[in-house]
Every structure is written in structure tokens, then in C-alpha cells.
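Top line first, the protein sequences correspond to chains A and B. So that you can map any letter, position 90 of the first sequence is 90 in the working numbering, and since no number is skipped, the others follow by simple counting. For the working numbering, count along the second sequence from 1 and bump the result up by 1000.
Please keep in mind that the hints were generated in silico from the structure rather than gathered at the bench. Cβ atoms here follow ideal geometry from the backbone N, Cα and C, with glycine treated the same way. Errors might be hidden in some of the hints.
[Said to hold, decoys possible] Only part of the chain A face toward chain B is listed, based on derived beta-carbon distances under 8 Å: (1) I4; (2) D6; (3) W7; (4) T201.
[As the list claims (entries may be wrong)] Label pairs and their calculated CB-CB ranges: (5) B:T1179 <-> A:G11: 48 to 56 Å; (6) B:D1141 <-> A:A163: 36 to 44 Å; (7) B:N1177 <-> A:W276: 53 to 61 Å; (8) B:H1070 <-> A:I116: 27 to 35 Å; (9) A:A12 <-> B:D1141: 30 to 38 Å; (10) B:S1117 <-> A:H112: 50 to 58 Å; (11) A:V101 <-> B:S1229: 54 to 62 Å; (12) B:A1120 <-> A:A12: 28 to 36 Å; (13) B:S1117 <-> A:V101: 26 to 34 Å; (14) A:G120 <-> B:G1065: 15 to 23 Å; (15) B:T1179 <-> A:T5: 37 to 45 Å; (16) A:V293 <-> B:N1177: 40 to 48 Å; (17) B:G1196 <-> A:R173: 33 to 41 Å; (18) A:P203 <-> B:R1066: 21 to 29 Å.
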Amino acid sequence: MSRITDWHIMGALALAGIAGPLLLPGLATQIAFLWLMVVFALTWDMLGGRMGYNSFGNIVFFGIGCYAAAVVQRDAGLPYFEGLALGLLVGAAAAVLAAIVFGAAMLGIRGHYFAIGTLGLGIAAGEIAAGWDYVGAGSGMALPLYPGELGSRELFFCYSLFALAALCFLVFRWLYGTRFGLALNAIRDDHDKADAMGLRTTPIKIFAWSLSAFFLALSGGLAANMIGFIDPRDVAFAGATFGVWMVLMAILGGKGTLWGPVLGAFVFHITQELFWTYLLGWQRVALGLLIVVIVVFFPQGIMGWWAARRARAVS
Amino acid sequence: MSALLEVRDVTRRFGGVVANKDVSLTVRQGEIAGLIGPNGSGKTTLFGCITGTHAVDGGDILFEGRSIAHLRPAPIARLGLLRTWQQTRVYGEMTCAENMAISAREAQGGLLSLLGSVPASTRTRAGDLLAFVGLHEKRADKAGSLSFGQQKLLEFAMALMNEPKLLLLDEPTAGINPTLINGLIDRLRRANAELGVTLLVIEHNMRVIMNLAHRITCLAHGEVLAEGSPDEVRADARVLDAYLGVA
Ligand SMILES: Nc1ncnc2c1ncn2[C@@H]1O[C@H](COP(=O)(O)OP(=O)(O)O)[C@@H](O)[C@H]1O
Ligand SMILES: [Mg+2]
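Take the sequences, apply the hints, and build the full model.
Pasting the structure below:
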């Protein structure tokens, strides 16, 4: 019997990613959001799952990506795609810089204190953006109109977010197979031991956060353009929605596992879309209940639950 | 033999408790040194001072002639001075093989050097050292699933993986099945003789340390009570007193 390997799943996902929007053009935007959620979960898991640092502030890097793109596209005077490309680059660079600065200041803090500190980071960023006229303050910013023909816009963002999610997954998958991946796990399992064994924990932690920031900023620039408008608190620094979902999806799927965050993003996003369709008016309540169910019944995530089931079946 | 480690008049307080008071000791290149003393006499604290976990309140610590008293744990480890813990510390969610791989000397390099997979030579050495401590069968098991004694052995193997010049072992036989203790002593000796690792061993079991160490320092109430060869220390009335007095 031939076993299903990572490559089979990746192949199937690639096929779905390419053919999906063509077969179901009406769902292109939902599919684009799905890939965005995959990026959210993967980037959160690098710290939360692999390194044991639960960040509630990763949304900051997404927001930086949103605003960098909006500002560059507004002020650079470039045609749409050139402006978008430059905006993405500037956003990624700014987010990495922010991760280095925040990381140097905060990654020395352990446990719950780090989580709470990063939560403050996300809230502060939203407040700053909402009070800063240069970026539209509380009324947010509109992104330039997509120039292509009708219908091509959805496909463009669907494919670019798919490409980003795929790139993020492949880069992370490779990294987790290197000594860097082992070093992250070592920091998670016993930080003091890792220090005492001479690992360079500070640069390792900052690098990990910078990588998350890099991919999140790119996703922010693309998402801002896809949505067409950024509100400081509801889109860019949406800590209560996007910011919490990042954590939930990684935990739901199984943090610290290769496929957990991807699976979590799929289950969460599809469930959420169904709630919106079939439980209109109650979708927030249903979402809240889903969160409770996740925490109570899948504390180790779907991957952890699956592994425990298999282990029981074997013994 | 030249001094590899020199502890000079080290003092360390915890609030009002003076855990180490003017402690001086020397570990010579290539030897197995012993550190004994009743519970609470400051042995583990001294390890913390030497390896940078605790800042010293007074005195100096020299490794290969250079002061390390102001250094953090990681730079001290990179100089080739490692410790193990009385309560054992391993990476619980990682497999034994992964624990070994990330303990290799090259894992202490900069970020760029970490961006590669574990070299085959490292895997081989990890396998050899796991076999050396009798854990080869467990190499794919999570370290957290091992018994306490097995975790101690794994921690010892991880330290050897790092090729330290000096290894401080905090009660290596505690929690080890008594029938396996002789085998462990033999391995400590082989690590010293064959791998060239100088050892400083805290040991509660008098029989073990008298057997193992070339020289012994005895602490009591945070101060050095006696030092010398096993025979000298065994014959010292104050040492007997300290042990019997507590027991
Ligand atoms: N982290 C700490 N905080 C406060 N007191 C400590 C700490 N570590 C050790 N001590 C105290 O220092 C003394 C020496 O302890 P320790 O070095 O663990 O002794 P030993 O290893 O010889 O049993 C004890 O009185 C202990 O309570
Ligand atoms: Mg002790």
C-alpha cells in the first residue's frame, strides 16, 4: 500500500489552488481569503507553535503591510502594478524592521507576559493609525482601483494570495527541516537549557519573528488591495478578528505541526463562511461557540487529536 | 597539570541566605574533580555561578586563565564549559536524536550556519553517543517520555555531543537505577579518558565519588570545608561531622 506523503497533499492543493478559481469563479474572493488565512496561521505558528512564544500582536505586521502599500500606491505616482509591487516591498521591509525592533525589546520576555505585551502592541498600532492624518486617521485609506477587466481582479488576488501562501508554506517547511527548526523547538521546550547549550537564542528568535512579519506584510498589501479599503481597527490592525483568528486556526489545526495551521485555516474559514451563509445574524455567536469547542475538545488541535487516536488504535 | 577552572573567593547570596561564601576551588586540565557536601551546602549554586546563571556577589571565576564571571550562560557554553542539571533538562517534545543534533557544537554558530540540515557526520556521532549511554533504541522517542534516569543519561550524552572542555555534572547518579550506577561511573571515566573531557562532579553518593574523583572539595554551609584526595577527604573528621551531623 502506498502511503500519502506531503508531496501528494501539496500536489492536490496546488491543483485545487490553480483550478479552483477557474471552476468556481463566483467563489474566487472567498478562496482568496482562504489563502490569506493560511498565511495567517502559518506565520503565527512559527512563533506560537514552533518556538513557544504566543504572539497576539502579529496583526501589526499585517497592518504595516496594508498601510505601506496604500501610502506607496497613493504617493509614488506609479501605474497600478508597479505601485503595488513597490508597496509590497516597502511594506515587507518596514515590517521586518519593526519585527527586529519589537523583537529586540520584547522577545526577552517569557510566557504570558510576552503574550500580553504583544496584545498591547496590536492595540497601540490601531490607535496610532486611527489618529494619524497622513494615513487617513480614523476614516482609513482607499486603495487605487484595479485596472484590469471585470472579473480579472478577483482572479488576480486569488492567485497572488495562493502563490504567497504556497511560498510561505514551502519556505517554512524547508526551515523546519534545518537546524534552525530544531533550534526553535529547543527554545520552546526549554529556553534556559538552549542558552546553557550555547545556542544564539536572541538572533534566532528575532529572525523567526522577522520571517513571520515578512510574509504577513506581503499578505497585508495584497489583502488591502483586494478589499479596496483599509480601516485602521477593522482591517489593518483588526486584532479582535484577524488577530485572534491567527491563533485559533493554528491551535485548531494543531500547533507546531507541518499541516496543522493549513488544516486549521481550511476548517476555520469554511466553517465561518457556512455560518455567514446559513446563520446570518447568529454568525458571531456561532463563531464564539466554535472557539469554545476548539479549546475544549481539540486542545492539541486536529493533528494532535488524530495522532492520539492513531496511537490508541496501535496499542 | 595546569588549572582549567579557577574559582576565587566566590560569594553568592539569595536575599539573606549566603549560598556560597568565599568559595575557592581549582579544576585541573584532564582530571575528574568531585564536589560534595550535605544538602543545601551550596553545590548547585556554585555551578550556577560558574556557568553564568547566577551573577556572583564577590570573587572571580577564571576559565583557561580568562575571567568569565561577567559572562552570560551562552557565551560561557561556547567557550567549552557546560553543565547538566540536578533535575535534568532536556527538550521534552523533541526526539532523543533531535535533542542530540541540536546539542552539537555547530548548532552554536550564527544564523546562517543553522540554515542547513543536520550533517550526516553529526547524525552518526549522535547515534554513537546515544549508544554509548544505552539509549540508542530510544532515539526516535520523545525525550519527555523517558524515565528520569534515562533523561539524565540523555542530558549527559547531549553534553558530550557538544565536545566541552569542562563538563559540570550535578548529581549524575541521582534517580539512576542502582544496578546501572557502576555502568554510569564507567562511562564518566571513559568520557574523561577517551573523549578528553575534564569533569567536575557533584555527587551525593560517597561510595561513587570516592571511586570516581581524583580530587574532592567538600562544602558545608556555603563554605569550603575540606579538599584533597579521596583518602584525605574521607579521613577528615570535619567532613564526617558535616555528613553525620545532618543525617
Ligand atoms: N534560586 C534560589 N533562590 C533562593 N535561594 C536559593 C536559590 N538556590 C539555592 N538557594 C538556597 O541556597 C542554599 C544552597 O542551595 P543549593 O546550592 O541548591 O545546595 P546544594 O546543591 O548543595 O544542595 C540553600 O539554602 C538554598 O535554599
Ligand atoms: Mg544541589
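Verification of the hints:
Annotation: interface hint on A:I4 violated; nearest CB of chain B at approximately 21 Å, more than 8 Å. Checking A:D6 against chain B by beta carbon gives a least distance of about 16 Å; that is not within 8 Å, so the hint is violated. For A:W7, the interface hint is violated, since its Cβ never comes within 8 Å of a Cβ in chain B; the closest pair sits about 17 Å apart. A distance limit of 8 Å between C-beta atoms decides the matter here; for A:T201 the minimum to chain B is near 7 Å, and the interface restraint holds.
At roughly 53 Å, the beta carbons of B:T1179 and A:G11 sit within the given window of 48 to 56 Å. Take B:D1141 and A:A163: their Cβ atoms lie about 39 Å apart, and the range 36 to 44 Å holds. Checked against the given bound of 53 to 61 Å, the beta carbons of B:N1177 and A:W276, roughly 60 Å apart, stay inside it. Between B:H1070 and A:I116 the CB atoms are about 32 Å apart, so this pair conforms to the stated range of 27 to 35 Å.
The hint said 30 to 38 Å for the Cβ distance between A:A12 and B:D1141, and at roughly 32 Å that hint holds. Take B:S1117 and A:H112: their Cβ atoms lie about 34 Å apart, and the range 50 to 58 Å is violated. The supplied range of 54 to 62 Å is met by A:V101 and B:S1229, whose beta-carbon atoms lie about 57 Å from each other. As the Cβ distance of B:A1120 to A:A12 is approximately 32 Å, the hint placing it in 28 to 36 Å holds.
Taking the beta carbon of each, B:S1117 and A:V101 are about 31 Å apart, inside 26 to 34 Å as hinted. Distance hint check: the CB atoms of A:G120 and B:G1065 are about 47 Å apart, inconsistent with the given range 15 to 23 Å. At roughly 44 Å, the beta carbons of B:T1179 and A:T5 sit within the given window of 37 to 45 Å. For A:V293 paired with B:N1177, a C-beta distance near 45 Å keeps the hint of 40 to 48 Å intact.
A hinted range of 33 to 41 Å holds for the C-beta pair B:G1196 and A:R173, which are about 40 Å apart. Taking the beta carbon of each, A:P203 and B:R1066 are about 24 Å apart, inside 21 to 29 Å as hinted.
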